[in-house]
Structure formats: structure tokens, C-alpha cells
Amino acid sequence: MPATDHFRWNQQKLHAVFAASSVVLLLAVYAMLRQDQADEWRGVQRNVFTIDAAIRQRELQKLKSPEYIRQLEEVESQLQQAATDADLQKQAKADLFRKLEEQGRLVESLEIDLKFRNSNRDEARANLDLAVRDGLNDIVMSARKAEYESRQQLCDDRQKELDAARVVLQTLSVEAKAITVSVDELEAGRTKLVAESDRITALLENIAPTDKVSAFKRALMEMPIIDGFNSHLKVVQDWLPKLKITLGMSKIARFDRCRSCHQNIDKITGSGGPAYPPGHPETEDVLQWVKANQYPQPYSTHPNTALYCTASSPHPVATFGCTICHDGQGSGTSFGNAEHTPNDPHIAEDWHHEYGFHPNHFWEYPMQPDRFIESTCIKCHHNVTELGIHPKFGASAPKVYRGDQLLRKYGCYGCHEIHGYDAGVAIGPDRRLEPQTEAELAKIAADPTQVAGKLRKVGPSLRHISSKTSSEFIQYWTEIPSRYRPSTKMPQFFSLSDHLGDADRDQTLQFEAAELAGIAEVLLSTSQPIDLLKPAEGYQPSVERGQKLFLERGCLACHQHSTVPESKQDFGPNISDIHQKVTRNAGNAGFSDWLYTWIKEPERYHKRTQMPNLYLDPYKDVDGTTVIDPAADITAFLLAQGEPGTFPVREVAPEELNKLVEVYLKKGRFGVVKAQEIITSRQFPDKLADVIGDEAVLATADGAPVADEAAWHKMKLAYVGRKTISRYGCYACHDMPGYEDARPIGVALQDWGRKDTSKLGFEHIREFLHHHGEPKGSKFSSTSERILSAHKKAAAGGLEAGQFSPEEAVSEMSAAFFYDSLERHGRPGFIWQKLRAPRSYDYEKTETKGYDERLRMPKFPLKEDEIEAIATFVLGLVAEPPASEYVYTPDERQKTRIEGEFLLAKYNCTGCHVVELPKVTFAADLGSIESTQLDAGDHPAALELLLKMRPARQGLTGETKTIKLDEEKLKLHVASFHGFVATRPDPEETDPELREYGFDVWEPVEFGTGDEAKRLLPGAKVNFPESRLISIQDARGGQFAEVLVDKLLTYRYDQRNLAWQASPPPLYQEGVKVQTSWLYEFLLEPGKIRYTTVLRMPKFNMSPAEAKTLANYFAAVDGAEFPYEEQAPKDVDYIESRSAQLTSAGHLDLGQSYLGHSWDLLNGPLCIKCHSVGAKKFKVSDPAKDIQGPNLVDVQNRLRSDWVKLWLYRPSWITPYTSMPVNFPKNAAQFPDRFKGDPDAHVVGVRDALMNYSRLLEEIGPTVYQPPGQPVTAPAPAAGGEEE
Amino acid sequence: MKSLKLFCGLVITGFSAVSILGCGSYGGGAGVVPEVSFIAAGGAEEASTESAADATAELPVGSLKGRVVLSGGASSLPLLIAKGSAVKDAEVCAAEDVPDERLVLGPDNSVANVFVYLAKAPKGAKPAVVPADPFLFDQKTCRFLPHATIIPVKQTVKVLSNDSVAHNTHTFPNKNAPTNSTVNPMDRDGLVSFAYTKAEAVPLAVKCDFHAWMSAWHLPLDHSFGAVSNSTGEFEIADIPAGKHSFVVWHEAANGGFVQRKLEVEIKAGETAEVSVDYPASLLKL
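Those protein sequences? They're chains A and B, same order as listed.
Using the numbering used here, read the first sequence as starting at 19 and increasing by one per residue.
Using the numbering used here, read the second sequence as starting at 24 and increasing by one per residue.
Bear in mind the hints are in silico, worked out from the structure with no lab data behind them.
We put the CB at the ideal spot given by N, CA and C, even for glycine.
Don't take every hint at face value.
Pair ranges (Cβ atoms, derived) [stated by the list, open to error]:
#1 A/Pro636 / B/Leu309: 22 to 32 Å
#2 B/Asp131 / A/Gly945: 49 to 59 Å
#3 A/Leu1012 / B/Leu309: 22 to 32 Å
#4 A/Pro1005 / B/Pro157: 48 to 58 Å
Quick partial rundown of chain B residues pointing at chain A, CB under 7 Å, derived from the structure [as the list claims (entries may be wrong)]:
#5 Val110
#6 Asn185
#7 Ala189
#8 Asn191
#9 Phe195
#10 Lys198
Pairs of lysine-lysine, DSS-like flavour, derived with a Cα cap of 30 Å [as the list claims (entries may be wrong)]:
#11 B/Lys198 / A/Lys966
#12 B/Lys308 / A/Lys1203
#13 A/Lys1117 / A/Lys552
#14 A/Lys1065 / B/Lys285
#15 A/Lys797 / A/Lys692
#16 A/Lys1065 / A/Lys262
#17 A/Lys987 / B/Lys308
#18 A/Lys1032 / B/Lys143
#19 A/Lys1195 / B/Lys106
#20 A/Lys937 / B/Lys308
#21 B/Lys308 / A/Lys1065
#22 B/Lys163 / A/Lys1065
#23 B/Lys177 / A/Lys1032
#24 A/Lys1065 / B/Lys198
#25 A/Lys987 / B/Lys106
#26 A/Lys1032 / B/Lys198
#27 B/Lys146 / A/Lys937
#28 B/Lys267 / A/Lys982
#29 B/Lys198 / A/Lys1203
#30 A/Lys982 / B/Lys285
#31 B/Lys198 / A/Lys982
#32 A/Lys987 / B/Lys146
#33 A/Lys979 / B/Lys198
#34 B/Lys308 / A/Lys989
#35 B/Lys163 / A/Lys1195
#36 A/Lys979 / B/Lys221
#37 A/Lys427 / A/Lys507
#38 B/Lys221 / A/Lys1032
#39 B/Lys308 / A/Lys638
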């Protein structure tokens, strides 16, 4: 019997199983589809549509104001009326059009008939003409003439009829047109009125259809499977093939689906603002969000659309995606999968409840928490500078910029190289020491794949330290630097024993005493001799004068000193205490040759010092005889601040020194026994010549034992000292003899942001933080306790509930974040604790480590927010640059600007010079602002030139501010301008009306547009009551200049303008002023320019390449041409054409020399009043008060010709505080016999003479020019032109 | 009522002529001034002051007479430039003795060139009359003439020179547009001319940068309640509305400028108050 299904399977059972599995399968499919439909992103997108519909509805509501409805009704009724009228007038209208048509036809027929009649008349005229020609008789003649006249009459009659008919036609046309036009206009008006409403309605209909068919269609498109066909609910995907991501071992294209939820991230309004402003509404009700116009994530627009996401920004989302900046899993479409990272554990807790959030260890690139969001910027912005300073975007990533600044300030790169290049290709920021030796420099130069580091060691040179200070000070200082100088940036290497047990601590302190003494021994014994400078024999320094010179000569541009507490510069150390530490002269404790030398010629002591040469050369006082040596006076002043310090040092126990020597000898090739033998026998087994390495200091030339115990002690100290220096890498910051080739001791950081966390030595840090971790004096016994407290407070409502002060809310939640990270073995936590207490990772580890194996990282005096900034920078060092087109590559101008900013910071140019003026923002009463008026002396050409060189800025911000005045509220425009504070409200004035701020405006600025605009020109004064002031944004740079101005006003000048002339000038618009080639030379070799200043530009220890960059920088910033070489006024063709121009205008006679006459003007009795000119010296009356202008010989190479012209026209438009007057007012001819007294020609002539100064001095030579018509009371050659 | 007053003020500001029609009857008058002051373009301020004054032109007035006397003793300063000194442009500038005018003492230690003035016009005061003729600010032997003066706001200042060398006249105002222009030798036409458009809180320095020792002091005021002490230290201010006033007493040689920040004086209608202003020598900063 053949086997059948029936036989093999029980068919019934089979059917039952099949039925059941079908049901299960169906349910499974249903469950799957349901699950799929419940994806978070769908819900978000539905909400987005709800929001949009609500917005549209609000817009419609807003649009349909009573006024709008009234207008619409009016138009509708007019249209209705027009239609009714049209109906009523149908017959009349038809009649009109019929008449129009008939009249048209009539005119046409009349025109045709007229043409015929004209032809007939022409025929009659021709016949008459023939009769005249043939001399026919009178009868014929008169008959033909009569015929002609009768035909002409017919023509005339017809013409009259035609004209009349045309007039009628015209009238009818106008009537007809009027009817049509009125209807057309009404239709157009209606369309315009409803266009916006129609548009919004259409949009609304699209997302929330009212039409049932459309609504069904839309609902259908959301159904499973169907939604695969371009539904409105869909995953939004940015495909970024060039922004690869490393997954596992391979790099693959990046897909970002973030916009599936963050749908509005790039949406902006017509005016460029965010279409969905970010906020934190408390309610879940989307309609309330719409009402408040504030949206939570993921519904909001990016908070900075000028920089990110939008198509017009530098980072459009379609090109950059999201994860290149934010990290996270771009392919994830749920909150969890996207790998969001909370900013602190309290937020993590909230997320856990809300989204089931938990940290995912398996995704390498979790999203950056808010606090580190800037760290990814440096993937592409390797310069970092543009993230902190940018002309358009300002400080776009201030935290990572600050981290970089701190890293540079503290010289972290000395130990931890950050190599920004891989085989010559940029991979990230480059922070490395410059080559230390000529050989190293040559090696790098010879290798095209090598790029030299650029940074100097941050500490002072110790090469000649024996001339500077004592062994005691070296030990005292090195042990705990902040004990001597609280503001120091030198980190602490010693006495870091919180992590040690008591016995271990005692032993460590003993060893450290030996190490400190050892370091001092090495430094002093290897210190190289130096020729110190001395003041002239018999010179008596004056402390009092020294104090004034210390202030005036610019020391405070970099240093702080307790005698001038208002000066806050911290580029160099606070030197209030310098009298304690420097070696004073033997036999003259009031003076120190070392300090004198250092002040006068810093590079003599330290070749790579950043301290500039201030040109403190001796000079004669105003009396002309007393010689003043400013460096000596300043030295005396600094030393007079107190007695030399006494510096207690720890005693070195000989047995402890021996133990330490043994530790190091054992580390070498010696066993315990041998090491001890060496120590006790005072004999090293090899002769000096045979020993390499630090052990050489223990060896003697002949291999004999050291006879003298004291000498042996010193040798042991030197040995320990050398070992300590190598272990701690002191040479990372200091130039030290013998350590020129030493390599950085720390781990390189260029890819630390991706460092495998399993390679980080967390050791027993959790245990340590459970018992320790907080500084002495803290209210918490351990970091754990602190964090626990922070959690509790956050859970109890945090800042909002008054649990934290605002500062605490930041610091404690930040600590909680890092602590949490540390517990999870995260990089941020590691670096946080490493910087807080670097040795704490040795907790309970020292028992099993050799003394010399302990952690070496010193403790830097960093605050917790500084640590966070540094962490932000270091975590961004990933050495994973994206495709080259994504790496920020500035154009030449931007590059110059960025490099220039780097140098500006490096040499602290901004210590003295203002580079961006203060910005004043105030509530402006436009009615009371007076536009700057030109007076009779002003040249219109000057204004034109000014506005060409410095186009007027719009001062109105577009915002308004309401000010309360006498109980009335007043809405005023918010306006801003750049300028300096001239007066502040008098503190003793009680009348609010008289409490005013006064400012000097430094730029052309307009308030408003068109005819209403008020225009202020540089030099204008703006005053307003203090209640109108909104903000004064400090100048960038120049704090020293501002302090100096205030100080000079107390004893030297009575006018702020004069004090400014004595201080470092703002480098505002310097780029349009100076020639780059001149600036380049000036930076390398600054000559004296001004006589009014109390100090002069110092000479910086700058390379030619740096000088070139800096010279170009100013031009780049101001949009001026660079590199720039002055040509025009020196050009022969120009001179000839100018000459011809003046000749044709009658200002110059044929044969007269243009430049000759110009030279006369320059040498006339005017410029000499303040300048030395044409080999004639400026006449000094009172050296203390005279205002002597700069040397004119430099103008031709120093200044740009347009700038000189404007300067001559109206100096205060360039520098409002200048003493230089308007010398050639438009209304006052000064020198009538030169260029016919035309002041305009005088300005250009003087400019051209200045630009050809050397040539004229050589060709024409010193000239005396006395203009006619000016009475001379004495036979002086040129008033004031005597030799000094 | 408040808004009505404000409206009155606005009307007055715009159409000063209309103001005579009597906003006062609606409660305007002196009370209007504070409300309109913020609108305050130069012209508007003037207009409102005038209108306010017109409405209360009958206010009783008195005068102030006084003398500034230095106490504690000081002697006149030595010559600034002695005739024949070897200074710049000596043939002109040292043609005569030039006194140091920072402290000019008269008989009995009286002090000249001291400014006595009200910081702002009292409510309802008679408006300042802007002189039609320009103020002539002269220079002779490298010395400004006069040395210290009050100049009504909006009066044209013409800078003259009696010297055959060029000068430059450089003003250092706090509120007004500064002037810094060369003055031609022997310019008797006053080619350099300007006007102060705003009242200053304290006198402003005028200097010549060519001859750094030259200085003068101008005080632009938008009212007439100020005077400068004469060579015998005396000053007089007339037509001050009766009431208590505090005058500013200012002198260039005083440290910080103020001899007295608030000289309280009560002016009685129809009477002349007499004061002796004490100028302690300890204030001098020379």
C-alpha cells in the first residue's frame, strides 16, 4: 500500500498546527509592524506636524486680524459692487463697446477716404504745375487752379471730420478702459491680500487636511508597508561618503539619521533667526510650546544657525551631517541608539526614567556631552585660534580655545608632545617645543616630511642661574613654588603626599630633601658664567624715579606689582617679591647687577626669552645735564621693596642621601652590595673618562676614592640631582646646560582623545576618592562625600530649589560628571583626577613600586573650570582628520590673521596696544544725537577719503529698550559704537540728570538709514545719562595703556588726550596706516617714532618670519592690501601728471617744479612747529611739555599715501586724541604763492613732498620758505627753525 | 493728566511759537520741562526752556555778588615766559613778559579767573540770550585773551591772532565737538570759528600745541548764571530766581578743579546776596 499523507501525517492535526502557526505568524507580523510603527522617530515626526499645524493656525489667526478682515470684506464688497455694476450696466457697457467699435470703424473709413481725397488733390496740383511749365493760357490756368482748390477743400473737410471722430474715439476708449481697470485692480488687490493666507492654508491643508479624501490619503500613507512609498513619515538620512567613521578596523562612510527626529534643526525664519527657538518649556503640551515660541529638543532649531546646519552657514547639515561634530551613533533612530550622553549624572537619571537611558560601553563614539561639545571642533580647526577670535563669529568655541591657551601657558607640551603632523600631513593641532639645537633644526630642515615645533619653553633659563639666586632659594622655590609666589604657573613636584601612608610620607620627605638639594647642586655647579652689566661708575640710582620709570616704561604691560594694584596683567610673573630672591651685589645690598642686566638686556641672560628689550638706555634729563639710567633706577626701586628673603631648606640626612644613591645605582648595573660599597668606599669602580650617563658625577679622573667626605657628599647630591632632573623633566620648561638634547618625558597627547581606556592606569583611584581627594579646608572629607552631597542636592531640586548657588550648580555637577566618568573608567574622569591630584593614582601602589618608579606628574595650580577646559582640548585630540576639504583651510588673508593672532598672544602685543576698541552699547535717543557737522575748514574730499578707508558702520542694532523716565516709559533704539570712555559719572554728583557718561567715538558710524540717519565721525563726542548705558565691552588689549593714561593724569598731564599721546597707541586700523614692509623692519628693529610717548616700542626676540606674519596681520585684519609697497606718489608718471594737472588749473606756472613747491610747503613755517623737518631741528622750549611730532623722514617708508593724505586733511578723524591740527583748512589760504593758495593742493603737495622726502632732501636740500604777506617781526629764517 | 502734560511738552518742543498759546493753563509751565527734556535735540531743549521761562517770566529774582579769597597764603607765580627768553618763536612769544595765569592773585589774596556757576539752569529761570555778535578769542604774544571766560552755548567763537607766527587752537571739551586747527598769523578775520552746542559740566581747556605753555579756559553754559572772578577776585551774577541754589566754584589750579562743589547760597527776591568764597591754599596743585 503506497504511503499517503493520510497515512504518514494526521491531516487533521496538521491542519490544526498549520492554522495555529498561521495565527502565530500573523500575530508576529502584526507585532513586528506594531513595533516598527511605534518607533520613537515616528512619534517625533507626528509631533512635528502637530507643531507645524499649530503654528500655521496661529499664523492664520494672526493674519486674520479685524483690520485684515475689514480690508478683505471691503475688497470683496467692492468686487461685488463692481460685478453688480457690471450687471446693471451690461446694456450700457455693451452700447459703449458697440459705439467704440463703430467709432473705430468710422475713423478707419474716414482715414481711407482722406487718403483718396489727398490723391485727387495731388493730381489737380500736378495738373496745375504742368500748366505753369507749359505756359498754358490763363483760362486753363484758372480752371486748373479752381479744380485744385475745390479738391483741397474736400481734403480739409474730411480732415476736420476725422479729427473730431478721433476725439470721440479717444473719449470712448478711456471710458471703456476705466471700467475694465477698476475690476482688474480690485482683483489684484484681493489676490495680494489673500496670497499669504492662501499660502498658509495650503501648507496647513498639506499637513492637517480638512478634506476627507486628503485626510484618508494621508492616513493611508502612514500604514505599514505603504509607508515605504515616500510617506510623509520617513527616516531622514544624510549620507557623508567623505566623512568616514572608523568602525572596528575599517573606515566606512558616515550615515547620519539624526534629522529623522531633529527635523527643525536647520529651519530659519525669513530674517535668519531660528524658526523654532530652543528652550526648556515645562509643559508637554506642544500647543503651549507654539504659544511660547520655545521648543525643547528634538523639536528646536540649532542654537547657532549662523555657524551650523543652515545652507548659508559654514557647516551646512547636508554636507557635514551631525556626528562629525557631536559624535554618537548617526545611524541610530532612537534616543538610546543615537548614544546621547548626559551632561551630568542627574540628567542621566532623568533620561533613564524618560527614555530608559543607560550608557553603552560598546559604542566607541558616544555623543559628546554639552560640556565637551567644543572638543570636536579641533578635528578640523587645527589652528584653534579662529575658534576663540573670529571677525565674524567671535568666540565660537571659547572653552576649547581656553584649554589650548592654558596648555600653552603652563607649557604642558614640554613633557607631552602634541604632534600635529603625520609624515608632514596635518592631523590636528600642533603644540611642540621648537628645535633646541642647531643640529636638530638642520635635521628637520633637511627632511621634507618634518615640520618643526614652534613653541618656546615656558620657564626661565637656568643656564646662568648662579648669578641670579641662591641654593636656598632654588630649593625653597622648587619644593612648593606657590608658597613663595601664589600666582606662579610653575607646578609643584614635591610635598605631594596626600596619597601616602605616614611611614611612606616620612621616607618620601627625606628623599625629597636630598632631591631638592641635589637639583640645586646640579644647577649651581653647571651654571655658566655670564658678564653682567653694571651702571656707570658712581651712578646713584633713584628709587623714587625708578618707581615712575617702572610704571612708565611698560614693565606693567606683562607683570603685576603690588605698588600698582590696578594693573592686572599676568603675561609675566607677579614681581612684587623679586627683591627677596635675586642675588644682591656684594658690598651693596641696595643693588643687583643681575637684575640690572636682566632688565636692561634680557636676551643676554636668556637667549629665547620672551621678555623684550625695552631700550632702557641712559639718557639726559630735561635739564640737559643729569644722566638717568632707567634700568638702574628700576632695579633700585624693585629692590627697595624689602629685605632679601630667607629661605629655610630641609636638611639632608646623609644616610637618606645614601639610600637614594643606592636606589639609583641599583637601577644601573650595580647590585646592592656593589652599590653600598661604592657609597661607603667613596670610590666609583670606573675612571671618569670611561663613564657615560649621570654616574659620571660620582667618578674621579683617576678612579681613586674621594678623600674628602664633604666633596663626596656634594658628588652624591649632584648624582641624585641629575637623576631627579631627568625623572621630572625639568628641562621641559627650562633651558639647562647639558640637557639640550633631552626628550620630553610624558606621553604624547595627539591622539589621547581616542586612547584605549584599558591603557589608562586607574589603579586604586576609587578607593582613594572614597577616603581622600578634597583639599585641606574643604567641607567634605572625601571626593565621594562631595559627589554624594551633589547628587542629593540635585535630586532635591538643585539650583531651582535653592540647593546650590549658581556657581556650585556648575562646579558640583561638573565634579559629579567627572567622578561618574572616573568610576566608569572614562577618559574625562581620568584626566580630571590626573590634573587635580596627579599622584593620587599611586594610592596604595607605592609599596610595590620602586621610589624611582612612582608617578612624576606635578600638580599644576589649576582651578576646576580650567581643568575642564584643558580636558575639552585634550579629549578633542583624536588625530583623525576628516577628508581634506573638510579641514579648515583659511585663505591667505585668514591664514595671516590666524597666525598673527597667535603671535599677538605669543608676544603679548595686546598687553600694551588696544587692537579692538571698546564697544559701547546704549539706549539712543536719536533725536538728541547730533550728526557731526563739517565746518568751513573741512574738505569734502577728506570726508570722501575717510569713508572710503573706513566705511561707516551701522550703529543701530535693530533692538529697542524701554527706559523709564519720570514715570513715563520711553522706547529707545539700542545703538552701539566703538570708542573710548572720556568721562564717567561724577561719583559725588547726586543729580541723575548730571550723572553722565562721555565717550570719544573712533569710527564713522550711522544711526539709521536714508535721510533720517545721524552720522558721527571719529572724534565726535557722545554723552548720555548713566541710565542709558547698556554695556561697555572692554577693549581687546591695551589694559596697560589705559592704566598708564589714568596714572599719567595724576601727575604729568591735565588732559586725557595728552596722556593718551604719551601712552602706547591703539593699533586700530593700523593695517590701512602703515606699509607692511616698514612694519616688518620695525618689528625686528624698532626705531624711535614718537617723542610724546613716555616709553617706546621694545625689541622682541622675534624671527623674521614672525615679523613678516605680524606685519601682514594688521593689513589682513583691516582688509588692506598686503604685502604692500608704496608706489603712487613716488612714481615719476604720477608726479608729471599731477604737475600737468596743476598747470592746467593755473595753480602752477610752466617751468615751476611741482615737487619743489611742495617741498617749500613742507619747509614753511608750519610743520617745523612740531616736527624736525628738512634738516632743521625742532626747537625745544620745554622738554617736559613740548609736543614734538614724529620724524618726517620716516613717513615715506612708514605710512601709506592715502592715509597720509587723510591725516593731513583732518588728523582727528584718524586719531581723535592727536595734537596734530588741521593745518590746511579749506577756508584759509596759508601760502598764497604756492599753488595759488589752494588748501586742497597744499595737502596733496605736502603729502607728495613727504613721500619723496629723501629724494627732495638730496636734490633740493634744506630749504627756507617764508610765504609772502605774512608779517615777520624778526629776521628769523623760518619761525622756530633754529638749531636746537 | 501726565500724558496731557507730555503732549503739551511735545507740542511746545515742535512748535515753540505755539507754546505762547498757553499750555500753562493745562497745568504745563515749569512742570513741563522734565517731561520734554528727553526729546531734547539742541533746538528742542532751547525751545522748551524758553517756553517754560515765558510761562513764568514773572518769577522774583535776586543777585549774587562775591569775592574769591585764597586762605593759607600763596604768592603769585613767576613769569611763564620772561621777555627775551629762548623759547620757540621767541621773537613773538618772548617779545613781552608773559605771566603764568594759572594763579593770578589780586589785592588781599583775591583770586582771579575763578568760575562760579550753576550746574544747570534753575526751573523757570530767564533763558539765556545768545549774543548775535561772535565772541572774539584773541592771541597775543603767544597768550590767549581772555584767559578764562564763560561762553554762551551757540554763540560763534572767532579765533583771532595778533601774532606773526602760526598758532593752533585746540579745545579739549567733554561734550562738544573739539576744535584743533591752525590759526594763520595775524588772522584778524577769525577764519577758525566754531560754536559750542552743549553746556559743559566743568570748564574746558584750550591749548596751542605749537606753544605748549599757552592755555585758556572756556565754560560753555546754556544759561546766564555764571561768572568769572575779575582781577580783584570779584564776581557778580544777576537775575537769579529767588530760592536756594548751589553754585560750582571751579579754578584751574585747584586739585581736581573744584574749589567748592556746592556753594549753597540763598537768593532773596530783589536782594543781592553777598558771599566770600574761601579758597584754601592747600587745594592748590601747581
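Going down the list of hints, with the structure as the test:
A/Pro636 and B/Leu309 have their C-beta atoms about 30 Å apart, which keeps the hinted 22 to 32 Å range intact. For the pair B/Asp131 and A/Gly945, the beta carbons lie near 50 Å from each other, so the given range of 49 to 59 Å is met. A/Leu1012 and B/Leu309 have their C-beta atoms about 28 Å apart, which keeps the hinted 22 to 32 Å range intact. The supplied range of 48 to 58 Å is broken by A/Pro1005 and B/Pro157, whose beta-carbon atoms lie about 37 Å from each other.
Evaluation of the B/Val110 hint against chain A yields a held restraint, the C-beta minimum of about 4 Å falling below 7 Å. Proximity of B/Asn185 to chain A is violated relative to the hint, the smallest CB-CB distance being about 11 Å (cut-off 7 Å). The interface hint given for B/Ala189 holds, since its Cβ lies 6 Å from the closest Cβ of chain A, which is under the 7 Å cut-off. For B/Asn191, the interface hint holds, since its Cβ comes within 7 Å of a Cβ in chain A; the closest pair sits about 4 Å apart.
Taken as an interface hint, B/Phe195 checks out: its beta carbon lies about 5 Å from the nearest beta carbon of chain A, inside 7 Å. A hinted interface residue such as B/Lys198 counts as satisfied when its beta carbon comes closer than 7 Å to some beta carbon of chain A; here the least separation is about 5 Å, so the hint holds. The straight-line distance between the Cα atoms of B/Lys198 and A/Lys966 is roughly 27 Å, inside the 30 Å bound, and the hint therefore holds. Distance check on the hinted pair: B/Lys308 and A/Lys1203 sit about 17 Å apart at the alpha-carbon level, within 30 Å; holds.
With a C-alpha separation of about 21 Å, the suggested pair A/Lys1117 and A/Lys552 falls inside the 30 Å cut-off, and the hint holds. Distance restraint check for A/Lys1065 and B/Lys285: the Cα-Cα separation of roughly 27 Å lies within the 30 Å cut-off, and the hinted pair is therefore satisfied. For the proposed pair A/Lys797 and A/Lys692, the alpha carbon gap of about 51 Å is over 30 Å, so the pair is violated. For the proposed pair A/Lys1065 and A/Lys262, the alpha carbon gap of about 58 Å is over 30 Å, so the pair is violated.
With a CA separation close to 45 Å, the supplied pair A/Lys987 and B/Lys308 exceeds the 30 Å bound. With a C-alpha separation of about 27 Å, the suggested pairing of A/Lys1032 with B/Lys143 holds against the 30 Å cut-off. Using a Cα cut-off of 30 Å, the hinted pair A/Lys1195 and B/Lys106 holds, with the two alpha carbons roughly 23 Å apart. Pair hint A/Lys937 plus B/Lys308 does not hold up; C-alpha atoms about 35 Å apart against a cutoff of 30 Å.
At most 30 Å may separate the alpha-carbon atoms for a hinted pair to count; B/Lys308 and A/Lys1065 meet this at roughly 16 Å. Proximity of B/Lys163 to A/Lys1065 is assessed by CA-CA distance (about 34 Å); at most 30 Å being required, the pair is judged violated. For the hint linking B/Lys177 to A/Lys1032, the alpha-carbon distance of about 20 Å falls within 30 Å, and the restraint holds. Restraint check for A/Lys1065 and B/Lys198: satisfied, since their Cα atoms lie roughly 23 Å apart, inside the 30 Å limit.
This hinted pair does not check out: A/Lys987 and B/Lys106 have alpha carbons roughly 63 Å apart, beyond 30 Å. Among the hinted pairs, A/Lys1032 with B/Lys198 is consistent with the structure: their alpha-carbon atoms are about 17 Å apart, no more than 30 Å. Under the criterion of a C-alpha separation no larger than 30 Å, the hint pairing B/Lys146 with A/Lys937 is inconsistent with the structure, at around 36 Å. For the proposed pair B/Lys267 and A/Lys982, the alpha carbon gap of about 29 Å is at most 30 Å, so the pair holds.
In summary, the hint linking B/Lys198 to A/Lys1203 is supported, as the alpha carbons are separated by about 25 Å, within the 30 Å threshold. Restraint check: the Cα-Cα separation between A/Lys982 and B/Lys285 comes to about 28 Å, which is no more than 30 Å; the hinted pair holds. Pair hint B/Lys198 plus A/Lys982 holds up; C-alpha atoms about 24 Å apart against a cutoff of 30 Å. With a C-alpha separation of about 23 Å, the suggested pair A/Lys987 and B/Lys146 falls inside the 30 Å cut-off, and the hint holds.
In summary, the hint linking A/Lys979 to B/Lys198 is supported, as the alpha carbons are separated by about 24 Å, within the 30 Å threshold. Using a Cα cut-off of 30 Å, the hinted pair B/Lys308 and A/Lys989 is violated, with the two alpha carbons roughly 46 Å apart. Among the hinted pairs, B/Lys163 with A/Lys1195 is consistent with the structure: their alpha-carbon atoms are about 25 Å apart, no more than 30 Å. Annotation: proposed proximity of A/Lys979 to B/Lys221 holds, straight-line Cα distance about 25 Å (limit 30 Å).
Annotation: proposed proximity of A/Lys427 to A/Lys507 holds, straight-line Cα distance about 8 Å (limit 30 Å). A distance of roughly 17 Å separates the Cα atoms of B/Lys221 and A/Lys1032; the hinted pair therefore holds under the 30 Å criterion. With a C-alpha separation of about 27 Å, the suggested pair B/Lys308 and A/Lys638 falls inside the 30 Å cut-off, and the hint holds.
Of the numbered hints given earlier, the model fails hints 4, 6, 15, 16, 17, 20, 22, 25, 27, 34; all others are met.
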